[in-house]
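2 protein chains.
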Amino acid sequence: MTERPSKGSPGRHSVAELVQGVLEGKRLLLARAITQVENETPQAQELLRTLFPHTGQAHIVGVTGAPGTGKSTLVSALTRRYREAGLRVAVVAVDPTSPFTGGALLGDRVRMVRHSGDPGVFIRSMATRGALGGLTKTTSDVITVLDAAGFQRILVETVGVGQAEVDIASTAHTTVVVEAPGLGDEVQAIKAGILEIADLFVVNKADRPGAARTVTALEMMLQLGRGAPRTVLHHGQLMRVERPDGPVQGEAGGESPDWEVQVLKSIATTGSGVEELREAIERHRAWLLASGEMEAREQARVARMLEGILQAELKRRMLAALPQESMGQLIQAVSQRRLDPYSAAQEMLQQLVK
Amino acid sequence: MTERPSKGSPGRHSVAELVQGVLEGKRLLLARAITQVENETPQAQELLRTLFPHTGQAHIVGVTGAPGTGKSTLVSALTRRYREAGLRVAVVAVDPTSPFTGGALLGDRVRMVRHSGDPGVFIRSMATRGALGGLTKTTSDVITVLDAAGFQRILVETVGVGQAEVDIASTAHTTVVVEAPGLGDEVQAIKAGILEIADLFVVNKADRPGAARTVTALEMMLQLGRGAPRTVLHHGQLMRVERPDGPVQGEAGGESPDWEVQVLKSIATTGSGVEELREAIERHRAWLLASGEMEAREQARVARMLEGILQAELKRRMLAALPQESMGQLIQAVSQRRLDPYSAAQEMLQQLVK
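Order-wise, the sequence lines are chains A and B.
For the first sequence, my numbering assigns the number 407 to the last residue and increments by one with no breaks.
For the second sequence, my numbering assigns the number 407 to the last residue and increments by one with no breaks.
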């Protein structure tokens with residue numbers, strides 16, 4: 054059975070039916086609820102409002118990295134390990150680089166083969182919604198639905214190395230950055246940005262030449278990064294969420310010592326190192342809970358979620374307040390340099406804001 | 054002389070002085086104006102308003118691609134060719150993966166060596182501003198300043214393969230997508246998204262094994278893509294800008310036939326193929342002007358610019374309207390599941406919107 058219902062039967066289910074279905078973990082209704090959320094139907098908001106109080110149980114694991122690192126295979130292998138450990142797992146694959154929903158669909162089917170018939174696994178690819186903020190928001194909404202549906206681990210796989218993917222991953226509880234040997238020189242530079250968000254590094258394809266060098270390079274960068282001030286650059290763009298008091302980087306001792314970012318090795322295709330990765334994620338979760346950091350990350354996640362909702366809502370209201378025609382006229386005036394964009398924006402805001 | 058003034062002397066110049074300096078192409082004042090824009094100082098908006106009517110002359114070339122493709126070297130080689138052709142060139146390197154301004158600075162210095170002392174070249178790296186939308190907006194503002202300063206070609210180099218980088222590149226007049234042989238299997242999948250925005254492909258590092266295969270793969274994908282409907286997915290998120298009537302994909306004949314996306318080869322380190330790339334960019338520019346597509350792209354660029362300004366302004370007003378304290382309380386209520394994020398957003402909006 055496919056996870057994605059045909060588009061031919063929208064709205065066949067009431068919000069109450071969908072909510073009940075999600076909470077009972079009924080796959081078809083779950084898939085339909087997610088579709089509603091993805092398509093931002095009129096019911097979606099009520100659905101999310103009703104499901105939200107049932108969330109907060111899932112541990113969200115972001116898995117990010119450059120193309121070619123073998124993330125998808127690793128996520129699949131990790132899913133299997135989690136199933137063996139008796140946990141229900143959902144996978145959300147965020148692929149903003151493919152505007153072809155068809156591609157995402159195909160990807161789901163290929164992935165599903167391995168876990169097909171297992172009711173404890175649910176896999177969903179997010180097609181791009183065009184807007185990037187939109188993708189972050191939709192991903193967070195889909196996570197809400199899966200959390201309410203009782204999936205205990207939600208793996209969010211993001212392709213690419215851009216800020217957006219980093220953002221999505223950084224709203225996870227645990228962020229795993231996947232590297233692979235021999236992906237070119239620039240990878241070194243990228244790590245600078247990624248150091249800030251990684252809770253764990255995995256050098257996948259560890260049987261390839263250069264793996265040891267990649268591990269060493271990462272460990273050296275981590276060594277260099279220690280003691281440097283930690284920023285909350287990727288958390289709470291709109292509102293800055295301070296971390297609760299606690300031990301800071303470089304300060305030893307105390308009941309919950311700092312998390313030490315580790316560099317693991319894996320060969321996802323053979324499964325080698327995957328159980329160790331799973332165990333490291335679980336250790337990180339235990340540390341988050343013990344240190345109070347979990348609460349800080351939840352607040353950052355919420356701040357990000359609110360920001361996404363606000364942006365979407367403001368956009369909607371803007372479009373409602375400004376007729377397409379007058380918007381087109383403003384654009385034309387600016388593109389002909391008869392008006393500057395700042396004055397045009399001011400005009401548009403006057404229609405909307407107090 | 055460094056392009057980036059010390060932070061010790063902010064506001065030493067009035068807006069009028071900066072405007073005059075930019076319009077006269079004075080490097081120090083230009084660099085300071087850009088710093089104002091990057092830091093979103095109170096003077097920045099007035100500066101941009103005043104400079105905007107002087108823009109519209111530059112041709113903006115987006116150069117994007119995955120890490121390891123050798124984009125930076127290619128951009129540098131391309132800059133040299135443009136100088137030989139007698140044009141003034143500005144380079145904006147957008148690097149959202151590095152939150153270390155130091156890194157960007159170092160990058161600038163390394164790049165500058167090649168073009169140092171040439172007043173016809175200006176290079177600027179954009180450090181991440183944290184917010185992604187912010188980066189797109191700031192980049193577009195920096196382009197405004199450089200355009201007003203009389204640079205005839207502005208090369209915007211974006212690292213990464215994420216949607217954000219694609220977005221920045223897609224607001225260019227001409228988008229060049231750089232590939233390289235042997236960057237892993239996933240690259241194929243990424244091309245699906247990138248097909249939509251590429252005006253030109255360059256397979257760089259063409260002396261490496263697999264280059265011919267990469268070229269063939271790209272050409273096959275282009276072949277497959279022909280005849281498919283073109284979306285304006287990456288243009289004008291907020292407001293959809295329609296293209297002017299004109300020949301559509303697959304329709305032959307007419308005064309200005311369709312642009313055929315080409316796949317070029319280059320070895321940036323030796324300069325091989327770089328002049329051919331420059332010529333192809335110029336052919337594309339000529340086509341844009343002849344076909345009326347330039348106007349459509351300008352409108353899309355303006356729409357994107359307006360969207361960025363509006364989002365930044367709404368954020369600013371939101372922060373002004375909602376005291377930090379009440380925002381923190383809302384976040385806490387949501388993260389403790391006492392309130393759902395949609396209701397919280399509604400409360401916040403009531404402070405702001407008509």
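Incorrect hints may appear among the rest.
What the hints assert, rightly or not - FRET-style restraints, in silico, Cβ to Cβ:
#, chain 1, residue 1, chain 2, residue 2, range
1, B, T322, A, R102, 55 to 61 Å
2, A, R261, B, S325, 27 to 33 Å
3, A, E329, B, L342, 41 to 47 Å
4, A, R261, B, L342, 46 to 52 Å
5, B, R266, A, Q382, 25 to 31 Å
6, A, R391, B, N92, 26 to 32 Å
7, A, R391, B, L372, 28 to 34 Å
8, B, E332, A, M347, 42 to 48 Å
9, A, L277, B, A69, 42 to 48 Å
10, B, Q276, A, G324, 34 to 40 Å
11, B, P310, A, E77, 36 to 42 Å
12, A, D171, B, T94, 53 to 59 Å
13, B, R80, A, G324, 54 to 60 Å
14, A, G263, B, P106, 52 to 58 Å
What the hints assert, rightly or not - According to the in silico footprint, chain B covers these stretches of chain A (three or more CB under 8 Å from chain B):
#, region
15, 80 to 91
16, 339 to 348
Calculated from the structure, these hints are not laboratory results.
For every residue, glycine included, the Cβ atom is placed at its ideal position computed from N, Cα and C.
Exercise for review: Go ahead and decide if the range 26 to 32 Å is satisfied by the Cβ distance of A:R391 to B:N92.
Suggested key: Holds, at about 29 Å.
Exercise for review: Given the range 41 to 47 Å, decide if the beta-carbon distance of A:E329 to B:L342 lies inside it.
Suggested key: violated, 59 Å
Practice item. Given the range 42 to 48 Å, decide if the beta-carbon distance of B:E332 to A:M347 lies inside it. Key: violated, 57 Å
Point to revise | Range hint 36 to 42 Å (beta carbons of B:P310 and A:E77) holds or violated | key: violated, 58 Å
Review point. Counting residues of the region 339 to 348 of chain A whose CB is closer than 8 Å to a CB in chain B, do you get three or more?
Key: violated (count 1)
Exercise for review: Evaluate the given range 27 to 33 Å for the C-beta pair formed by A:R261 and B:S325.
Suggested key: holds, 29 Å
Practice item. Using the Cβ atoms, figure out if A:R391 sits within 28 to 34 Å of B:L372. Key: 32 Å Cβ-Cβ, so the 28 to 34 Å window holds.
Exercise for review: Check the following: the C-beta atoms of A:G263 and B:P106 are separated by a distance inside 52 to 58 Å.
Suggested key: holds, 53 Å
Review point. Within 25 to 31 Å or not, the Cβ separation of B:R266 and A:Q382?
Key: violated, 50 Å
Review point. Are three or more residues of the region 80 to 91 of chain A within 8 Å, CB to CB, of chain B?
Key: n = 0 at 8 Å, threshold three: violated.
**Study point:** Whether the CB-CB distance between A:L277 and B:A69 falls inside 42 to 48 Å
**Key:** Given range 42 to 48 Å: holds, Cβ gap about 45 Å.
Review point. Could one say that the CB atoms of A:R261 and B:L342 fall in the range 46 to 52 Å?
Key: holds, 48 Å
Hint violations for this structure: numbers 3, 5, 8, 11, 15 and 16, all remaining hints satisfied.
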